[in-house]
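Chemist: Could you build the full structure based on these sequences and the hints that come with them?
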Amino acid sequence: MRNGIVVALVVALLPTACGSTDGGRAPAGSIEGVLLVSAAASLTDALGEIEAAFEAVYPDVDVVLNVAASSALREQIIEGAPADVFASANTSNMDKVVDAGEVAGDPTVFTMNLLQIAVPEGNPAGIAGLEDFSREEILIGLCAEAVPCGDFARVALSEAGVTPAIDTNEPDVRALLTKIELGELDAAITYVTDVASTDRVDGVDIPIEQNVVTAYPIAVLAGAPNPAAAEAFVAFVLADGAQAILSRYSFTEP
Amino acid sequence: MVLGVLGIGFFVLPFVGLLGRVPWSDLPALLSGPIVTDALRLSAIASAAATAISLIIGLPLAWLLARAEFPGRAVIRGIVTLPLVLPPVVGGAALLFALGRRGLIGEPLNEATGLILPFSTWGVIVATTFVAMPFLVITVEGALRNMDRRYEGAAATLGARRWTVIRRVTLPMIGPSLVAGLVLTWARAFGEFGATITFAGNLQGRTQTLPLAVFVALESDRDTAVAISLIMVVVALVVLIALRGRWGRAM
Numbered sequence: 001m002r003n004g005i006v007v008a009l010v011v012a013l014l015p016t017a018c019g020s021t022d023g024g025r026a027p028a029g030s031i032e033g034v035l036l037v038s039a040a041a042s043l044t045d046a047l048g049e050i051e052a053a054f055e056a057v058y059p060d061v062d063v064v065l066n067v068a069a070s071s072a073l074r075e076q077i078i079e080g081a082p083a084d085v086f087a088s089a090n091t092s093n094m095d096k097v098v099d100a101g102e103v104a105g106d107p108t109v110f111t112m113n114l115l116q117i118a119v120p121e122g123n124p125a126g127i128a129g130l131e132d133f134s135r136e137e138i139l140i141g142l143c144a145e146a147v148p149c150g151d152f153a154r155v156a157l158s159e160a161g162v163t164p165a166i167d168t169n170e171p172d173v174r175a176l177l178t179k180i181e182l183g184e185l186d187a188a189i190t191y192v193t194d195v196a197s198t199d200r201v202d203g204v205d206i207p208i209e210q211n212v213v214t215a216y217p218i219a220v221l222a223g224a225p226n227p228a229a230a231e232a233f234v235a236f237v238l239a240d241g242a243q244a245i246l247s248r249y250s251f252t253e254p
Numbered sequence: 001m002v003l004g005v006l007g008i009g010f011f012v013l014p015f016v017g018l019l020g021r022v023p024w025s026d027l028p029a030l031l032s033g034p035i036v037t038d039a040l041r042l043s044a045i046a047s048a049a050a051t052a053i054s055l056i057i058g059l060p061l062a063w064l065l066a067r068a069e070f071p072g073r074a075v076i077r078g079i080v081t082l083p084l085v086l087p088p089v090v091g092g093a094a095l096l097f098a099l100g101r102r103g104l105i106g107e108p109l110n111e112a113t114g115l116i117l118p119f120s121t122w123g124v125i126v127a128t129t130f131v132a133m134p135f136l137v138i139t140v141e142g143a144l145r146n147m148d149r150r151y152e153g154a155a156a157t158l159g160a161r162r163w164t165v166i167r168r169v170t171l172p173m174i175g176p177s178l179v180a181g182l183v184l185t186w187a188r189a190f191g192e193f194g195a196t197i198t199f200a201g202n203l204q205g206r207t208q209t210l211p212l213a214v215f216v217a218l219e220s221d222r223d224t225a226v227a228i229s230l231i232m233v234v235v236a237l238v239v240l241i242a243l244r245g246r247w248g249r250a251m
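If you read the sequences in order, they're chains P and W. Numbered according to this note's numbering, the first sequence spans residues 1 to 254. Numbered according to this note's numbering, the second sequence spans residues 1 to 251.
Some chain P residues well away from chain W (every beta-carbon gap over 10 Å; in silico):
hint, residue
1, S158
2, A239
3, E253
Here are the simulated distance ranges between beta carbons:
hint, chain 1, residue 1, chain 2, residue 2, range
4, P, G122, W, V16, 51 to 57 Å
5, P, E121, W, P108, 17 to 23 Å
6, W, R67, P, E55, 54 to 60 Å
7, W, V234, P, P207, 46 to 52 Å
8, W, A74, P, A235, 54 to 60 Å
9, P, G203, W, V234, 43 to 49 Å
10, P, D95, W, D223, 17 to 23 Å
11, P, G203, W, I105, 27 to 33 Å
12, W, P87, P, E55, 27 to 33 Å
13, P, E253, W, L237, 51 to 57 Å
If you are wondering where the hints come from, they were derived from the structure by calculation, not from laboratory data. Every residue, glycine too, gets a C-beta built ideally from N, C-alpha and C.
Modeler: Set out below in structure tokens:
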């Protein structure tokens, strides 16, 4: 509560302190306070590192990461939950937020991802490709249809002409990944970045002609409590340092 | 008095908010769709089964905790009460580690019988029972401890055998508490979400109970989510109000 009042005062006094009212790049000294970033589940690890790097450059900012399925975040933002920045795993969730008038300016695509089949270590069920997803006797998981990962997986499967024998629709890609890690599921479709994030999961590639390249847009939100820090964060994510971090987590440059 | 009224407002307001979002004209169509009917069927089966199993296993367990003296009883009571305190998702994860395909008991069970509990309707029943049974155990154990045991003594003195004492003295005396415990157990089972989605997964027609259906619908079809929420509120209210007499006496 107190933090909110402090942030509100800082934001209110900023124009008078700087002597200008345009949204130009503010000096590092005025970037401070709490920054609420709502980001897709698949960005968990990479954004965690980007958060640390950002806070090293702007020590007066405390970045708070709210990670969940992009569809869940979209609903939160449209319903008025406070957030400064939204990073979505697909453009359709971002578009819905734009349509609801919640975005300031235009979203920018900051990174991209590819789908990959995730299997438990050692690939016990011998999964070779998307065709294996029609096998009834193995346990298959996908993300729920409303979640970007689930939507893309279904597109890839239908393009490949496969009717999957789904056993569970998980609420976000990390929950799905955990069940693969535990060996409770035999196969799932996640992102390349999720498979890369853990040693206990093996990946089976989906050939590029069957795969779906996903674009991740990022935007400052219209109701952002801390727009100055939000703009700085988005600029930071688009810059070389953050892009290098994303590459290390197997994301693709846009 | 003011605080009491505030309390009423605190509970009534969210439901008023829910009612305000109900798409009344579309309601019949939404409620007869397969997503809703499948979820309703699964919720009915799971909550009824969980309550029944809780009674069959929970009643003897409560008896053990209340009447039998054995070392470590306090610890056992604590463990039985854990699902009441732990987040349901933690309960679901624990079930996965124990009864999952690679679980402590689950792996040998699977290898011996081919039985896989996660991602099945039985998995839903197991998860729901796990979180709901403690309610029955705690309520009944309390009643057994607090009842006047002289009546049991009197019956025994009059020549009644052990089972007759239980059947005709003890059980009727704890009757109201037993019913209250069953209601609480059913209510908890009906609303169960975290352990179910973690252990049994989420698939329409097989494991997607009403709470899971709402969760999924919230992100894709708001109207369906509100419609399902409305059913759950109505069903729960009907059950709770119908048993208000018994509840009042036991509490």
